Amino acid sequence: MTAVGLTTNDRLAQATQLQLTWWRFRRHRLAVISLIVVALFYLGAVFADFLAVMDPHATDARRSFIPPQGITLFDDGAFRPHVSGLKGVRDPKSFKLVYTPDPARKLPVALFVHGYPYQLFGLIPTDLHLFGIEGGQGVDGIFLLGTDQLGRDLWSRLVVATRISLSIGLAGVAFSLMLGILLGGISGLYGGAIDTLIQRVIEVVRSIPTIPLWMGLAAALPNTWSVIQVYFAITLIISLVSWTELARVTRGRFLALREEDFVIAAELAGAGQMRIILRHMLPSFASHIIAATSLALPVMIVSETSLSFLGLGLRPPAISWGILLQDAQNVQVLAGAPWLLSAAVPVILVILAFNFLGDGVRDAADPYG
Amino acid sequence: MLIYLARRLALAVVTCAAISVLTFVIIRLPPGDFVDAYIANLAVGGSTVSAEQAAAMRREYGLDRPVVVQYGLWMGRVISGDFGVSMMWRRPVTEVIGDRLWLTMAVSFAALLLTWLIALPIGIYSAARQYSIGDYVATTLGFIGLAIPNFLLALILMYLGFRYLGLSVGGLFTPEYAQADWSWAKFRDLMVHIPLPASVLALAGTAQLIRIMRANLLDELRKPYVVTARAKGISEVRSVLKYPVRAALNPFASSSAYLFPYLVSGSIVVSLVLGLPTVGPLLLQALVAQDMFLAGTIVLLLGVLTVIGTLISDLLLMWIEPRIRLQGRA
Chain A
1 MTAVGLTTND RLAQATQLQL TWWRFRRHRL AVISLIVVAL FYLGAVFADF
51 LAVMDPHATD ARRSFIPPQG ITLFDDGAFR PHVSGLKGVR DPKSFKLVYT
101 PDPARKLPVA LFVHGYPYQL FGLIPTDLHL FGIEGGQGVD GIFLLGTDQL
151 GRDLWSRLVV ATRISLSIGL AGVAFSLMLG ILLGGISGLY GGAIDTLIQR
201 VIEVVRSIPT IPLWMGLAAA LPNTWSVIQV YFAITLIISL VSWTELARVT
251 RGRFLALREE DFVIAAELAG AGQMRIILRH MLPSFASHII AATSLALPVM
301 IVSETSLSFL GLGLRPPAIS WGILLQDAQN VQVLAGAPWL LSAAVPVILV
351 ILAFNFLGDG VRDAADPYG
Chain B
1001 MLIYLARRLA LAVVTCAAIS VLTFVIIRLP PGDFVDAYIA NLAVGGSTVS
1051 AEQAAAMRRE YGLDRPVVVQ YGLWMGRVIS GDFGVSMMWR RPVTEVIGDR
1101 LWLTMAVSFA ALLLTWLIAL PIGIYSAARQ YSIGDYVATT LGFIGLAIPN
1151 FLLALILMYL GFRYLGLSVG GLFTPEYAQA DWSWAKFRDL MVHIPLPASV
1201 LALAGTAQLI RIMRANLLDE LRKPYVVTAR AKGISEVRSV LKYPVRAALN
1251 PFASSSAYLF PYLVSGSIVV SLVLGLPTVG PLLLQALVAQ DMFLAGTIVL
1301 LLGVLTVIGT LISDLLLMWI EPRIRLQGRA
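First to last, the protein sequences are chains A and B. Under the numbering used here, the letters of the first sequence match residues 1 to 369, in that order. Under the numbering used here, the letters of the second sequence match residues 1001 to 1330, in that order.
None of these hints come from the bench; they were simulated from the model. Predicted model only: the values in this text are computed from it and were never measured. Certain hints may be false.
Said to hold, decoys possible - If you want a taste of the chain A side facing chain B, the calculated C-beta under 7 angstroms gives, among others: (1) V204; (2) R206; (3) I208; (4) T210; (5) P212; (6) M215; (7) G216; (8) A220; (9) P346; (10) I348.
For glycine and all other residues, C-beta sits at the position ideal for the given N, C-alpha and C.
Only chain A is shown next, with the shape it has when bound in the complex (with noise of 0.2 angstroms):
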């Protein structure tokens, strides 16, 4: 601590928002796990493909529902990570290709091995993985999370799949963050019929219902379209009903905080009106913003991944949660393969992170409360 010699009450006095903002955060653990797990999926995300053991894209017709397998760490008392090779089996009752582990043949689990290139933050070319077997060929591989019916390692993919269903809640909220934040200031800085009339809107906006909207908007997009321009029309499409809420916050702390005696004092001291929104006000409000837009996020990625579930939002080859959960539509693939419901708990962890998060910064928004 620098402040020696100062009691907690000077500490207190002296202390910024952004710091007395942080202490109280600090305190509510549940929030700071949170952050920490939200973090991780990010940085996963970002280094997404150095995590992949396999091409995410690579299909293989031979290695069509391979289960999950572990990897196991000794060998005879030594410590040798490996896998167990695969041996394929044709079941002779329903003539399935069965996979049984062959635990004669033993692969061994190596750090930092080269498998497909791939470019490091989409500009470093590099063949560089964080882990995988050397050289693995055919059935020969390491299936954390098993394949799909292509044959495409689902742990790859999924890693993989991070980027894509991480940022598109960020692309959507940033787009409801302009929205909201434009509407519901101009709501709560002028108030009387504009406020009327956006308060209005929004109430009518809050009570369609929103998945059959987003399903319509989102079939009409045009075949041809590129991967990426359906991306942004799906972050566009999200995000044209989830500003309210933030509108709504905007609009509150505007009202509230416009009558507070600093801003009146900053008027009558001659502040130009931008000046004060920015100056003034928004030091105040920015937290309970972030709080906001961190519980706006999960809402994001759920909606994404519901609109890939159905086949209407993202479309293959992109790969997203929702992509993934596609797989598992059908109760009967389903139960000869469970694995495949695995996208489900990062989709789960996300929600509850980020909701636990957006709760605890909601109680450290107001620091002097």
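Given chain A's structure and the hints, the job is docking chain B onto it.
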């Protein structure tokens, strides 16, 4: 109170108008117009349409006139009950939709009732017994409800039912009643099947309402009048239920207003997973096949019915909650 009622009705009408505009946009969005799509559809079947016939059709549907006029013509037909023809089924749209719309509403309403029935007592219990085991269980369940999107929950339940019970969870009827005409037996069959999808739908909303109810009631219970009542020896149950619960109902009621659209929305995706004969699967098929009249009609009717449903639930709450009646606002 009359002002409140009038205001709600006016808002409902405006919302319906907004929904109709959006629906019209959806119908018009795909490249080409309805006649192009119709001709292409006929061409697949081997028949052709001459240029004159196409022009005549365009004139009949007003496709050669400005967009605003087209919207007016379309609205005129919709109000008189003519929703157009489904290209995929080659039958009037209303015939294709049939019972499905009502089943959608039935499932959503069941979910709404379930949400209230579960959330209210649990919320009250959690607040009255804060930090008890029951409170923690309710809070945990609430977080689970919050974190699992309902289609995922449906998927997981389906898998568990299929894997461990060997039965297919899903549908709203046993096969023998699926095609049958409405009768008491069929209705009873529906009542047996509806709880599962309704509870899948209700979980997320319940979680949210429990949180709201608990927070509001906790605020209320700390107020001096409750302490006074306790000090005067009013029984525990009475000191919670008599006034604090009523006072805490207000925010609970206003947040319920947005619950119904949310449930209808969710029912679309959940129906697809659970294979319910609601408009959900039909809407998806129509959208994939670009059968825009069918899709548009479903979106429109669903939207309008949701507005009506929300209105009804608002009126119900107005009846329960005197402050809305007297102050004229939620």
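Here's how the hints hold up against the structure:
The beta carbon of V204/A comes within 5 angstroms of a beta carbon in chain B, closer than 7 angstroms, and the hint placing it at the interface holds. Nearest Cβ of chain B to the Cβ of R206/A: about 5 angstroms, under the 7 angstroms cut. The hint holds. Hint on I208/A holds. Least Cβ distance to chain B is approximately 6 angstroms, under the 7 angstroms limit. For T210/A, the interface hint holds, the least distance from its beta-carbon to any beta-carbon of chain B being 5 angstroms, beneath 7 angstroms.
Because the closest C-beta pair between P212/A and chain B is about 5 angstroms apart, less than 7 angstroms, the hint holds. For M215/A, the interface hint holds, since its Cβ comes within 7 angstroms of a Cβ in chain B; the closest pair sits about 6 angstroms apart. Below 7 angstroms, beta-carbon pairs count as interface contacts, and G216/A has one with chain B at about 4 angstroms; its hint therefore holds. For A220/A, the suggested interface contact is upheld, since its CB lies about 4 angstroms from the closest CB of chain B, less than 7 angstroms.
A distance limit of 7 angstroms between C-beta atoms decides the matter here; for P346/A the minimum to chain B is near 12 angstroms, and the interface restraint is violated. With a cut of 7 angstroms, the hint placing I348/A at the interface with chain B holds, because the nearest CB-to-CB distance is about 5 angstroms.
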